[in-house]
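Chemist: As a plain string of letters, each chain reads:
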Amino acid sequence: MSDEQPVPSDRIIVDAMNFSHEPDANQQPEKMTEVVTDESESAPSVRPGSVRFLIGGMLFALMRPRVLLFLMLWSCVLPLIVAVPMFNQANRDLSMVQDLPGQSVLALPESAPAWMFREWQIQSGDSLASIAEVMPLLILLSSIIGLLFSAGWMSMATHYRDEHSLRAFFKGGGESFFPFLRTWLLALPMFAGVTYVFWGTPAEWVLEQLMPEGDANLAASETTGRAIDIARQLLYMLALLKIEIIIDLARASIVVGQRSSALLAVLRAIGFLFRRPFAIFVIVLLGFIIEGVLIFGAEALRSFFEWPLLAAVFLLPFVRHLMRGARHSAVATYYRAATGE
Amino acid sequence: MRKRTTILSFLAATLLPSLLAAQLSYDLDVELNDDGRTIYGRSLVVSWVNTASTPTDELYWHVYNNAWSNKDTVFISEGRYYGSDKLPREWGSTEVFNVSMLSTVDADGNAIPSGEELKFEYLNDVDRTVGVVKLPSAIEPGASVQVRLEFTSVMPQAFRRSGWGEGGYLHAVQWYPKLGVYEELDGIDQWNCEPYHYLSEFYADFASYDVELTLPERFRDHCVTTGTLKEMDHSNGKVVYSSIAEDVHDFAFTVDAEALLLRRTFHAVDYRNDAEELKISNALGITLKEVRPQSCEMILLLQPEHAEYANRYFGATAKSLYYFGLWYGTYPYKTISIVDPANNARKTGGMEYPRLFTGGVRLGMAERTLSPQGVTVHEFGHQFWYGLVANDEFRHAWLDEGFTTFATNRILDLAFRAPLDTFTLLGQQYYGRAPMSVPSYGEGDMRAMLGLQRWENSKSKFFPELSFELRHNNSVQKFLSELPLTTYYPHVERSASIGLRSSLLHDWGQPLAHPTYDLFDSGLRGVNAYRRPALTLETISRIVGEDVFIRLMHDYHTNFRFKHPRPQDFFDVVAKHAVDAGVDWSSFWQHAYYQNDELDYAAHFLHNSENADGGFHVEVGVRRRGAFVVPVDIDVTFEDGSVHHGVWDGVDSAKRISVGDFAVKATRVEVDPQRKLMLDRDWFNNSKLAKDVEGSDTAWHVAMRTMLWAQQVLHYFGAAG
Chain F
1 MSDEQPVPSD RIIVDAMNFS HEPDANQQPE KMTEVVTDES ESAPSVRPGS
51 VRFLIGGMLF ALMRPRVLLF LMLWSCVLPL IVAVPMFNQA NRDLSMVQDL
101 PGQSVLALPE SAPAWMFREW QIQSGDSLAS IAEVMPLLIL LSSIIGLLFS
151 AGWMSMATHY RDEHSLRAFF KGGGESFFPF LRTWLLALPM FAGVTYVFWG
201 TPAEWVLEQL MPEGDANLAA SETTGRAIDI ARQLLYMLAL LKIEIIIDLA
251 RASIVVGQRS SALLAVLRAI GFLFRRPFAI FVIVLLGFII EGVLIFGAEA
301 LRSFFEWPLL AAVFLLPFVR HLMRGARHSA VATYYRAATG E
Chain V
1001 MRKRTTILSF LAATLLPSLL AAQLSYDLDV ELNDDGRTIY GRSLVVSWVN
1051 TASTPTDELY WHVYNNAWSN KDTVFISEGR YYGSDKLPRE WGSTEVFNVS
1101 MLSTVDADGN AIPSGEELKF EYLNDVDRTV GVVKLPSAIE PGASVQVRLE
1151 FTSVMPQAFR RSGWGEGGYL HAVQWYPKLG VYEELDGIDQ WNCEPYHYLS
1201 EFYADFASYD VELTLPERFR DHCVTTGTLK EMDHSNGKVV YSSIAEDVHD
1251 FAFTVDAEAL LLRRTFHAVD YRNDAEELKI SNALGITLKE VRPQSCEMIL
1301 LLQPEHAEYA NRYFGATAKS LYYFGLWYGT YPYKTISIVD PANNARKTGG
1351 MEYPRLFTGG VRLGMAERTL SPQGVTVHEF GHQFWYGLVA NDEFRHAWLD
1401 EGFTTFATNR ILDLAFRAPL DTFTLLGQQY YGRAPMSVPS YGEGDMRAML
1451 GLQRWENSKS KFFPELSFEL RHNNSVQKFL SELPLTTYYP HVERSASIGL
1501 RSSLLHDWGQ PLAHPTYDLF DSGLRGVNAY RRPALTLETI SRIVGEDVFI
1551 RLMHDYHTNF RFKHPRPQDF FDVVAKHAVD AGVDWSSFWQ HAYYQNDELD
1601 YAAHFLHNSE NADGGFHVEV GVRRRGAFVV PVDIDVTFED GSVHHGVWDG
1651 VDSAKRISVG DFAVKATRVE VDPQRKLMLD RDWFNNSKLA KDVEGSDTAW
1701 HVAMRTMLWA QQVLHYFGAA G
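Keeping their order, the protein sequence lines are chains F and V. Counted the way the numbering used here counts, the first sequence spans residues 1 to 341. Counted the way the numbering used here counts, the second sequence spans residues 1001 to 1721.
By construction, these hints were calculated from the structure, which means they are not laboratory data. Among the hints, erroneous ones may be present.
Reference excerpt, derived from the structure (chain V facing chain F, CB under 10 Å, subset only) [stated by the list, open to error]:
| id | residue |
| --- | --- |
| 1 | 1314 |
| 2 | 1486 |
| 3 | 1681 |
| 4 | 1682 |
Using C-beta positions, here's what the derived DEER-type ranges look like [to be verified]:
| id | chain 1 | residue 1 | chain 2 | residue 2 | range |
| --- | --- | --- | --- | --- | --- |
| 5 | V | 1508 | F | 305 | 24 to 34 Å |
| 6 | V | 1084 | F | 202 | 27 to 37 Å |
| 7 | V | 1087 | F | 311 | 56 to 66 Å |
| 8 | V | 1273 | F | 188 | 54 to 64 Å |
Covered stretches of chain F, as calculated for chain V (at least 3 residues, CB under 8 Å) [to be verified]:
| id | stretch |
| --- | --- |
| 9 | 49–60 |
| 10 | 125–134 |
| 11 | 189–199 |
| 12 | 267–277 |
| 13 | 287–300 |
| 14 | 304–315 |
Here the structure is a predicted model, which is why all the values come from computation and not from measurement. Cβ coordinates follow ideal geometry from the N, Cα and C atoms, glycine included.
Turn these sequences into a full structure, and let the hints steer you where they fit.
Modeler: So this is what it looks like as structure tokens:
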């Protein structure tokens, strides 16, 4: 946040929340350059406050309850593909199980005896494993459908701000789905590259410089190996986050500029990130932090009032989609504001 | 009469029978070189009495440090057979030289001085873990021989139980030539002296040790040994530890220049469990005072970075001294030493030697994981089962590992808060358990592409074969993708005893009777030597009841303290004490030990049929699904909460039982309701509800947790979309 320059407040409100100066939904988005005549001259003055964009994004998402409701339902339907067979299996195996002395299964919502799971594994391990086998497929599906949702949020935030309907959400999502899919395909080798750097030969070379044969179990001190492992995990996750941000920016560029080349969008995103390395991190990281606070807050609330787990099944997806919508719209509107497209 | 016998055996258990030790003694004068790895044995004098009934003109020696001398030793070769191609990073070996006979003493006590040089030969020139010294004349029963030799042992870099770690740690075990056991085996007297096998540990005779150990000065106050320290001298940059150990069958020592040496004294009064003391006192017919174990000094050699675990190590050792002492008679030695291995010598962890054992722990262990308490209780337990009751670990490892595992789990259940399931984030453990997990696919598995784990494509005309990781699963990613605090079961409690049933996940393969060193699958060692016999003991204890079980275990332990019992000895003790249990013990051991029979009793149906007077006639169907036959309890529960109890002999493979006529309907039939039969392979089929009775809502809760977890995981990966 420290690198942000002050921005005229009216521009932020117009751009981020766009209550009164919203471009017509059927019109091409109004470009910042049409207002700011000389970009190089005005660049410092148009850098908007990223926090405000995020808050604006949250309000924007909140004001689209139909979209949120749909996404929440989606989050409830897809997991049913594993939850229903799990229920059936548990109903067959566990509903007749009696407590053992001092080993109650009745407190299952909050706790459970380990023996029950172990027995379950012993008796129905293969069935449980086959239920879990569906998860990778669902992950792939969720990831691809996620493209549609990201495109929906970004398009709505930039092109269909007056719209609140699911139709607009999917229209926007559909328009950019294939370019987004291409960014996704481009992201895969980037993820692989980063993974190779952190867990492949380069990482092994680095570890060999730090520990005997690069093996933490051969280091005289356990603390050293542990610190190196923690640092590696954190840096790796940071690198993945950076790729995610680049891809998000590339998508914002596609949506805002109504482009279709994923490769150019990624290059443009990298350039953008070089110019504004911190602001976008603030939006994304702060988004995650707020999401975490809201999720744990909702769970604490549920626990405090002793609401059943079913409440969490609806409450948590709502919070997650609200914050995802907020992040996507904030990134898109920030990108538009910052580039003046 | 019973009381008198028990008191005598109890007293016997509290004393060291040092007379026994006179049958064998080791007098060692050794020096550890400055390199911290090479031990020079200036002199090893062994006096051995032939206690068997036939003469012998040979002495067989274990030289187990030679197991690390090349890649074709029995240990390393067997390791390859079992799928382990690991080799010591730096080899170790022992050379024996200048062997001579000092004297012999005939059965009448007449000493004949000698001085004759002897030849030390190996049974196998490649393995060299068993050596033989041919004596000029046979040693008659009751006669003895005194032999002197010198040796040099180069210890390996920490590998399978022994060795050194960079930084000044050395765990010296099997570092000197040690005699085998001359005893009756397969009907004839012979030397029981197996080579060092991959799947077995050690077996030797009780002896007295007098050891003068010279160490570099840096190890002063950084050394623990099997012995009791007589005196410590230091001069010329060396420190000399003189120690003795009586009635032990091995001598180990550990030095670590960097480690902390901490001492605490165990007093039974600090760990009193009045109910348990009363139970033992009543069962054995002795006073509470006699039950209570004697004090003992605990010495802990601890890695400085593990300082936070000192209380856990001491606490677990003290509780073990207390409960093992209560159950089997007091720990008879003055000290017990605990070694926390150096990080780069973890492979020496989790092992037992007389009066000294190694633990092991990692940073970041949550309190209720019972780490290192679990390993501490187990390895201490071997002081009783292996140290004091010293069975043949080559053939019958279950007699020490199984008994120790059984007792360990009893103590963990009794004296500690139940451990909880955990997950790890950045090296720190937190409590919680995932309802399920995303399968992980290895290289070459195309399914890995689905979960975006790896890119995989088969080799074709147009593309080369590619396989690269898209994302590396690590604790942070797992945490973010699953948010355990919102999706996991927060509190999943483990029972150590019930946890033994994990052995049911494994194919049992071979019966318990099969010699441990010769099992066809290395995974079977964990089952057949540890968990399965422990489950069997737990089953026996639940069948015969606590009082009888306390008596029989105490009797077995005290009768075979400082001896080498065999399985039949234990079977005899069980049969003697558990006459009234209603079990044919001969048949029980056939099923449980000699054969590989499965035990599985199941409830099949519960019928309520209305009778003329408005009441119900209740019938149940029960099944025996395995070959293991043992009587089994059956409970029928009724609508009004009353329970009708019965016992089925379990002989038929299926049985329809008419329970009787009752005023209210029966709701549930439960086979083995108290879960006495811990060996029962399937506990889920033990219950059956009447047709119109609803089951618990367990399935609903499981489904909800799964739903929450899957929502979070799919949302996380949806963001990558």
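Chemist: Next step is simple, just say for each hint if it's right about the structure.
Modeler: Status of each hint after checking the structure:
Look at residue 1314 (chain V): its Cβ only gets to about 20 Å from chain F, farther than 10 Å, so that hint breaks. Taking 10 Å as the C-beta contact cut-off toward chain F, the hint placing residue 1486 (chain V) at the interface holds, the least distance being around 5 Å. Here the hint on residue 1681 (chain V) is kept, as its CB sits about 8 Å from the closest CB of chain F, short of 10 Å. Hint status for residue 1682 (chain V): holds, given a least beta-carbon distance of 6 Å to chain F, under 10 Å.
In this structure the supplied range 24 to 34 Å is violated for residue 1508 (chain V) paired with residue 305 (chain F), their Cβ-Cβ distance being about 49 Å. The hint said 27 to 37 Å for the Cβ distance between residue 1084 (chain V) and residue 202 (chain F), and at roughly 29 Å that hint holds. Distance hint check for residue 1087 (chain V) and residue 311 (chain F): the Cβ-Cβ separation is about 57 Å, which falls inside the suggested range of 56 to 66 Å. Here the CB-CB span from residue 1273 (chain V) to residue 188 (chain F) is close to 60 Å, well matched to the stated 54 to 64 Å.
With 0 residues having a Cβ less than 8 Å from any Cβ of chain V, the stretch 49–60 of chain F misses the three-residue criterion, and the hint is violated. Look at the stretch 125–134 of chain F against chain V: 6 of its residues bring a Cβ nearer than 8 Å to a Cβ of that chain, three or more, so the hint holds. Look at the stretch 189–199 of chain F against chain V: 6 of its residues bring a Cβ nearer than 8 Å to a Cβ of that chain, three or more, so the hint holds. For a cut-off of 8 Å, the count of residues in the stretch 267–277 of chain F with a CB near a CB of chain V stands at 0, and the three-residue condition is violated.
A stretch counts as covered by a chain when three or more of its residues have a beta carbon under 8 Å from one of that chain; for the stretch 287–300 of chain F and chain V the count is 3, and the coverage holds. Using a Cβ-Cβ cut-off of 8 Å, 5 residues of the stretch 304–315 of chain F lie near chain V, which meets the minimum of three, so the contact claim holds.
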